[in-house]
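Below are the chains, spelled out letter by letter.
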Amino acid sequence: MITSIKMLFLFVILTGGLYPLLITGIGQLLFHDCVNGSLVVVNKKIRGSALIGQKFSSERYFWGRPSSVEYNAECSGATNFSPLHPEFKKSVLARQESFCQAHKIVDKKSVPAEIILCSGSGLDPHITYQAAYLQVGRIASVRNLSEEKKQQLLHILHLNKKYINLLELNLALDNLCE
Amino acid sequence: MDISDFLFLFSYFIILGISIPLLGGFMAQVFQGKKNFLTPVVEPLEKWIYRLGKIPYQKEMTWREYAKDLLIFNFLGLVVLLFLLLFQGHLPLNPEKKGNVPFGLALNTAISFMTNTNWQAYSGEQILSYASQMLGLAVQNFLSAATGMCVAITLIRGIVRRQNACIGNFWVDLTRSVLYILLPLSIVLSVFLMSQGVIQNFSDYAHVTTLEGAEQVIPMGPVASQVAIKQLGTNGGGFLGANSTHPYENPTPFSNFLQTLAILLIPAAFTYTFGSMVGYKKEGWAILAAMIILFTACLSIALWAELAGNPTLDGMAFLEGKEVRFGIVPSILWGTATTAASNGSVNSMHSSFSPLAGLIMILNMMFGEVVFGGVGAGLYGMLMFVILTVFIAGLMVGRTPEYLGKKIEAREIKMAILAVLAPSAIILVFSAIACVSKPGLSSMLHRGTPHGLSEVLYAFTSAANNNGSAFAGLNANTAFYNCLLGLSMLIGRFMVIIPVLVIAGSLGVKKYIPPSSGTFATDNGVFVILLIAMIVIVGALVFFPALALGPIVEHLLMISAG
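Protein chains in written order, with my numbering: chain U, 1 to 178; chain H, 1 to 562.
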């Protein structure tokens, strides 16, 4: 019993104290921005984290994936709906419908699945290239983008092949329109 | 599947394959007390720990002494963790002023981390302080993993030793597991993870104003150090609620690759350690072959089911609960690895998988966590099946069964049966109780459907096999589930560990019998097939009726609805 107490104490110090402190030291020294949350600072204000998705519902911005926690970063999580849950099917079809309407899409099957399905964390910071591309027309018309600016926007999209960080994209969009 | 998916799978198995002899050989050196490349750095620390703990490190223990120290040490760890959680509100390193954890949840969590399960009925960022995470949970991540390694090593020693009642020294095995294997690997993995964006700080949660002007509170904490050991130690308990789907735990495809690799790294290497320590490397390869065949079969079925798309939604891809940066194939590989090895961390939500992929996740655990399995735990679990296979084969040819020169007799068989059947019995009995009781039913998200049954079946399978993943629609933070699942985890852990230690002790005192022409070979293809058949038959026969009512019916419903 005494041995157990002593050994437990030693391992708490070692694996619970020294180990995380060592890692924190290395991280703060070598990867300062990363280990502090990859926060995005614009005009000396923190506007979010490049890794944590934000809710975008304004017509002026690219929209992200639906989130079961509405991008509340304090309680990450998913719907956990099975593919057969009746509420799941209903909400997916409703989202598909409204995405199509907002972007004047005729062929519903061309809507990428991820833009109408909730992510695992509820904080997915990315959307696919395809989902972003479909939204360019809406944004160009709401923001009255000139043809030149629209081309610049498409160019930004083309830099990302598979998927795009939504916060960075929307920040670039704001920059473009200034 | 596109070319990048093939490359992903290919490089995964290649790197895992290369690591097996390297790490496995290294672990054999460590547990045999031989000099290795870490000795100059680690040995002074190791000696220092023995001195401070007053450990007679040259004295060996019988299985009873070993079991006694192991149990006392583990339950002491449980008590300390329990009190840490119960009183975290009064302790430092709590910038967000989290309150004390209620007793039922604290007890469930303490059992969960001590038994290497890491079932989580809570969300880390919502209720836990940094002190509880790093001084409580992370410590048990190391110690429960090390405990599993100790038990596996004693069983190997029991096989190797001749007429010797001693199976090693618990404190030495424990210290070496942590200092030489778990800690160095965790340090390396943490650094890689931090380079990808996994956070590691002690700051207050960040309050930010989003582009649309809303306020968002972003959790912080020492995450990287904890994620590293949770993956390597087959623990699986996330720092944050969404586990490795969370961008702060798993930010990039590369961090995802490393974490998926870390799940199987030590369990796979253990087969080589085994072969190396018993002196016949082929014996280790045979066990590894059985694991790989079962693993790739399960992976293929799950991939096939998941890539087919949802027929009730016009073949829409199964992306609910998955992250864009990972996609389907890496999510299914992780799911298969995390349930085959008793890890239980997730990078996508298993509850939203296609029914057959979900079935594979449950089935992997029902095999008894022997397809790679937990660190150490997978190997000793597999060796229980090996003993049963040798016994059945012996019955068929009418000879006393032997394994590696040791006679397998009544005592070993009884213990092996106990170790194999105890978790299975728990799963079925407790799931049945949950399905006919009000508190059991009211927690289901999919109440009244086959998926509701799957949720409960998954929960008890996960707990009794010390996995920790979930069909997380089930609200498990109730008195009923905290209590029953806690009990399942304890029984599933120690009703296996104790029989294994008994077998280790009983094999150790036996004489060595040199192989003769009549000895049943355990290092060839025939044996591998028999072993796989044994695992599948035990898994299938015991659980097929339950699976038929859950995921199989769900699959049929989905097809007919489409």
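Worth flagging that the hints you see were computed from the coordinates, not collected in a lab.
Glycine included, each C-beta is placed from N, C-alpha and C at the ideal position.
Heads up, some of the hints might be wrong.
Now the stretches of chain H that chain U is said to cover, found in silico as 3 or more residues with beta-carbon under 8 angstroms [as the list claims (entries may be wrong)]: (1) 184-193; (2) 263-276; (3) 415-423; (4) 427-436; (5) 439-450; (6) 467-473; (7) 529-540.
BS3-like, lysine-lysine: derived pairs with alpha carbons at most 30 angstroms apart [what the hints assert, rightly or not]: (8) H:Lys438 x U:Lys6; (9) U:Lys55 x H:Lys98; (10) U:Lys6 x U:Lys90; (11) U:Lys104 x U:Lys89; (12) U:Lys45 x H:Lys98; (13) U:Lys89 x H:Lys59; (14) U:Lys55 x H:Lys281; (15) U:Lys90 x H:Lys438; (16) U:Lys44 x H:Lys438; (17) U:Lys150 x U:Lys45; (18) U:Lys6 x H:Lys281; (19) H:Lys68 x H:Lys47; (20) H:Lys98 x U:Lys6; (21) H:Lys68 x U:Lys108; (22) H:Lys438 x H:Lys35; (23) H:Lys97 x H:Lys68; (24) U:Lys109 x U:Lys89; (25) H:Lys59 x U:Lys6.
Now for the hints, and whether the structure bears them out:
{"no.": "1", "hint": "184-193", "in the structure": "holds (count 4)"}
{"no.": "2", "hint": "263-276", "in the structure": "violated (count 0)"}
{"no.": "3", "hint": "415-423", "in the structure": "violated (count 0)"}
{"no.": "4", "hint": "427-436", "in the structure": "violated (count 0)"}
{"no.": "5", "hint": "439-450", "in the structure": "holds (count 3)"}
{"no.": "6", "hint": "467-473", "in the structure": "holds (count 3)"}
{"no.": "7", "hint": "529-540", "in the structure": "violated (count 0)"}
{"no.": "8", "hint": "H:Lys438 x U:Lys6", "in the structure": "violated (45 angstroms)"}
{"no.": "9", "hint": "U:Lys55 x H:Lys98", "in the structure": "holds (26 angstroms)"}
{"no.": "10", "hint": "U:Lys6 x U:Lys90", "in the structure": "violated (58 angstroms)"}
{"no.": "11", "hint": "U:Lys104 x U:Lys89", "in the structure": "holds (22 angstroms)"}
{"no.": "12", "hint": "U:Lys45 x H:Lys98", "in the structure": "holds (27 angstroms)"}
{"no.": "13", "hint": "U:Lys89 x H:Lys59", "in the structure": "violated (64 angstroms)"}
{"no.": "14", "hint": "U:Lys55 x H:Lys281", "in the structure": "violated (55 angstroms)"}
{"no.": "15", "hint": "U:Lys90 x H:Lys438", "in the structure": "holds (28 angstroms)"}
{"no.": "16", "hint": "U:Lys44 x H:Lys438", "in the structure": "violated (54 angstroms)"}
{"no.": "17", "hint": "U:Lys150 x U:Lys45", "in the structure": "holds (28 angstroms)"}
{"no.": "18", "hint": "U:Lys6 x H:Lys281", "in the structure": "violated (38 angstroms)"}
{"no.": "19", "hint": "H:Lys68 x H:Lys47", "in the structure": "holds (23 angstroms)"}
{"no.": "20", "hint": "H:Lys98 x U:Lys6", "in the structure": "holds (29 angstroms)"}
{"no.": "21", "hint": "H:Lys68 x U:Lys108", "in the structure": "violated (65 angstroms)"}
{"no.": "22", "hint": "H:Lys438 x H:Lys35", "in the structure": "violated (59 angstroms)"}
{"no.": "23", "hint": "H:Lys97 x H:Lys68", "in the structure": "violated (38 angstroms)"}
{"no.": "24", "hint": "U:Lys109 x U:Lys89", "in the structure": "holds (15 angstroms)"}
{"no.": "25", "hint": "H:Lys59 x U:Lys6", "in the structure": "holds (18 angstroms)"}
Hints 2, 3, 4, 7, 8, 10, 13, 14, 16, 18, 21, 22 and 23 from the list above are not met by this structure, while the remaining hints are.
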